[in-house]
Amino acid sequence: MSPVSLDTPLRTVIGTSANTLGKGKSLRTVGDLLDFLPNRYLDPARPTDFSTLAEAEEVVVLGTVAHARTRSMKNRKGTMLIATVVDEAGHELSLTFFSRYGHEGALLPGVKVICSGTVSTFRKAKQLTHPEYQVLPPDPGASSVNDSTADDSTADSVLAIGLIPVYPSVPKVSPMKVRAAVDLVLHALEDAPDPIPETVRQARHLPTLLTAYRKVHQPRTHKDVRLGLWRMKFQEAFVIQAALAQRRNAHDAVPATPRPARPDGLVSAFSAGLPFALTQGQQAVLGEMRQDLARPVPMHRLLQGEVGSGKTIVALLGMLTVIDAGGQAALLAPTEVLAQQHHRSITSMLGPLAQAGMLSSAESSTRVAILTGSQSAAQRRANLLLAASGEAGIVVGTHALIQEHVQFAELGLVVVDEQHRFGVEQRDALRAKASTAPHVLVMTATPIPRTVAMTVFGDMEISTLRELPAGRQPISTHVITGDKPRWLARMWTRVCEEVALGHQVYVVCPRIGVPEDPDLGEDGNESGAGPGALIDQPYPGPGAPITPPEGEEGPVLHGVLQVHRALIASVETGALRIGLLHGKMAAEDKDAVMTSFTAGDLDALVATTVIEVGVDVPQATVMVVLDADRFGISQLHQLRGRIGRGDKPGLCLLVTQGVDGPAQERLVAVAATTDGFELARVDLENRREGDVLGAVQSGGRSGLRFLRLTRDEDLIVTAHEDAWASVTQDRDLVAHPPLRAAIDCLDAGRAAFLERG
9 MSPVSLDTPL RTVIGTSANT LGKGKSLRTV GDLLDFLPNR YLDPARPTDF
59 STLAEAEEVV VLGTVAHART RSMKNRKGTM LIATVVDEAG HELSLTFFSR
109 YGHEGALLPG VKVICSGTVS TFRKAKQLTH PEYQVLPPDP GASSVNDSTA
159 DDSTADSVLA IGLIPVYPSV PKVSPMKVRA AVDLVLHALE DAPDPIPETV
209 RQARHLPTLL TAYRKVHQPR THKDVRLGLW RMKFQEAFVI QAALAQRRNA
259 HDAVPATPRP ARPDGLVSAF SAGLPFALTQ GQQAVLGEMR QDLARPVPMH
309 RLLQGEVGSG KTIVALLGML TVIDAGGQAA LLAPTEVLAQ QHHRSITSML
359 GPLAQAGMLS SAESSTRVAI LTGSQSAAQR RANLLLAASG EAGIVVGTHA
409 LIQEHVQFAE LGLVVVDEQH RFGVEQRDAL RAKASTAPHV LVMTATPIPR
459 TVAMTVFGDM EISTLRELPA GRQPISTHVI TGDKPRWLAR MWTRVCEEVA
509 LGHQVYVVCP RIGVPEDPDL GEDGNESGAG PGALIDQPYP GPGAPITPPE
559 GEEGPVLHGV LQVHRALIAS VETGALRIGL LHGKMAAEDK DAVMTSFTAG
609 DLDALVATTV IEVGVDVPQA TVMVVLDADR FGISQLHQLR GRIGRGDKPG
659 LCLLVTQGVD GPAQERLVAV AATTDGFELA RVDLENRREG DVLGAVQSGG
709 RSGLRFLRLT RDEDLIVTAH EDAWASVTQD RDLVAHPPLR AAIDCLDAGR
759 AAFLERG
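Numbering (the working numbering), first residue to last: 9 to 765.
These aren't lab readings, by the way, just hints derived from the structure by calculation.
Just so you know, nobody snuck in bad clues.
Pairwise CB distance ranges, derived in the manner of DEER restraints:
#1 E96 - K132: 15 to 23 Å
#2 R54 - V725: 31 to 39 Å
#3 P268 - E721: 31 to 39 Å
#4 P670 - G118: 44 to 52 Å
The calculated lysine-lysine pairs, modelled on DSSO-like cross-linking and capped at a C-alpha distance of 27 Å, are:
#5 K31 - K180
#6 K180 - K120
#7 K134 - K120
#8 K120 - K132
#9 K180 - K134
#10 K241 - K231
#11 K120 - K231
#12 K241 - K33
#13 K85 - K134
#14 K82 - K132
#15 K241 - K31
#16 K132 - K85
#17 K134 - K82
#18 K33 - K180
Every residue gets a Cβ at the ideal spot worked out from N, C-alpha and C, and that includes glycine.
Using the sequences provided together with the hints, build the complete structure.
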């Protein structure tokens with residue numbers, strides 16, 4: 009038999025049972041199986057508490073045989089065996105075998121056994137019927153193991169000496185069979201190439217990879233488990249950080265055109281006309297960006313900031329810096345609503361500086377073009393010409409910017425807004441439109457916990473804006489549950505009171521709903537926000553619980569179309585000027601609604617989450633979120649950031665048809681603080697890493713097998729330092745082939761994370 013390595017197919021080592029492991033858990037190689045870690049351990053010194061076992065539960069338990077008896081079966085020939093196993097407290101569990109042969113001589117009084125099976129009840133007594141079991145040696149020095157049902161009888165007795173690993177459920181494979189397979193693999197594996205360099209292992213007192221595998225799969229003590237698992241986590245963090253360091257080196261190796269700041273030009277002209285002073289944080293980030301832009305290597309910077317912290321003005325100053333240096337800037341937005349908002353706000357802020365070629369233009373002015381998928385052919389041709397000729401220094405757009413026929417004269421800076429909305433290929437396609445590598449600024453209004461930033465964006469320089477501009481007003485947030493009808497009534501009264509004061513209101517729903525005319529045939533779903541379509545029925549008022557039709561489960565979620573009709577029909581709110589906005593509307597209709605709302609021609613806007621980011625209406629002071637429990641913490645914080653942007657305080661009302669449970673706990677957390685960084689930490693604690701890292705968006709796993717970003721910050725920081733030092737000393741990892749191979753083997757989902765930005 010050829011030497012066994014981590015890449016050796018499992019079938020070569022354990023036989024046909026490898027097929028089941030491959031189908032059930034995608035365990036196809038020796039390395040896959042060894043990375044499939046136990047989820048708990050049994051201690052031979054502490055038998056399982058049988059009183060906790062539940063009917064139909066798949067269990068692995070440890071106990072002592074009290075006695076065994078045989079009896080003839082009533083309905084067929086033969087003799088059955090019933091062995092009674094007890095825990096420390098004397099609770100009993102029966103092991104029932106319909107044939108005594110092979111078991112009668114093994115299950116003797118006083119022996120300890122580990123058993124695996126499904127709990128059932130017979131005559132009020134708990135039992136395992138024909139379980140798999142293994143008799144443990146009577147003392148640590150024993151060398152034989154009686155495994156009556158495992159496929160292979162060569163299981164090492166070391167498993168019985170120390171802790172006994174229990175593996176996660178695998179379809180059609182018992183935990184004991186998994187344990188036997190792992191033991192065979194470890195017995196055959198003589199060495200494992202180690203991705204962590206020896207110098208790092210010694211400095212951090214880490215065991216080798218093979219030793220770590222043995223400590224987690226065949227531990228003698230809980231200390232072994234902790235050391236082995238820490239080593240596995242460290243390796244995962246180390247490999248990711250090394251990949252990020254290599255990627256950063258690759259970025260720096262590609263030349264870029266320096267775009268140094270000019271003492272005069274657009275930046276100075278624009279800054280002189282600003283009606284406010286930049287915050288210290290904005291000035292600091294702008295300084296970092298200018299240093300990056302002046303270098304002959306591409307800037308690769310992530311700008312994260314609190315909602316309303318002024319990221320857009322900093323990005324605009326960066327774009328003007330590039331224009332002053334002879335380049336163009338492209339601003340990529342995730343939605344047409346946001347692209348239109350950016351185009352309007354940038355054009356408005358620049359004023360005469362955005363009117364190059366016109367009589368009213370200022371000296372050294374530029375143009376701002378926009379490209380979206382819904383533009384007319386004439387509009388599109390005009391804006392394409394502005395971009396290709398270089399007349400437009402700033403080109404704002406959606407995915408339409410990425411299309412093949414979009415050309416730039418001198419693309420020097422790519423700004424990606426709300427980076428998590430885009431895929432890797434889309435950002436790469438936009439960068440490819442530059443003759444030399446463009447500088448890249450990625451923005452997000454969703455604060456990123458430190459561990460996520462280091463694990464996902466570790467190849468980028470990170471700038472953070474925490475300080476809010478002077479004049480930003482506080483926002484108070486309250487949760488209103490469906491069992492408080494008076495509060496709901498008071499909510500709409502308060503809405504009308506705010507409108508009477510000249511303020512404006514957002515009402516956000518999780519879905520579109522259905523039109524009044526059923527012949528239109530729209531199902532009303534948007535962004536997967538909820539099950540089923542809303543029905544037309546007598547409506548008790550927006551926010552109140554909606555009873556689902558007979559035969560359907562509820563509650564039914566509020567939809568934009570339904571709530572819009574209800575508010576117009578209401579005696580209290582019917583006099584308000586109410587608009588509606590959702591993602592299925594035509595682009596020109598969406599733009600017209602937002603223009604009207606921004607101009608103050610509408611009192612209230614009933615919308616889906618298309619207004620989640622970038623929308624800036626200073627007179628909006630109230631945000632009502634219906635079925636708020638259907639939104640995530642970060643999304644609610646983003647929505648709340650649409651209000652309080654003027655000189656009046658904001659009021660956010662989170663309405664839920666439920667009254668308790670985990671969803672309500674999230675709402676309470678949002679109501680308790682407006683600190684986006686604190687909410688990001690809470691969000692990370694309440695969600696799987698895959699959600700936070702974007703696996704749901706990409707359709708894959710999180711790519712993290714062992715790390716837990718909420719608990720392993722110190723480990724990630726340490727691995728970051730060591731990995732970057734290793735790559736700095738050996739850029740191509742010539743001296744570390746196993747580390748190079750580990751980076752190459754990062755799964756597709758994790759590779760997508762590494763490509764962010």
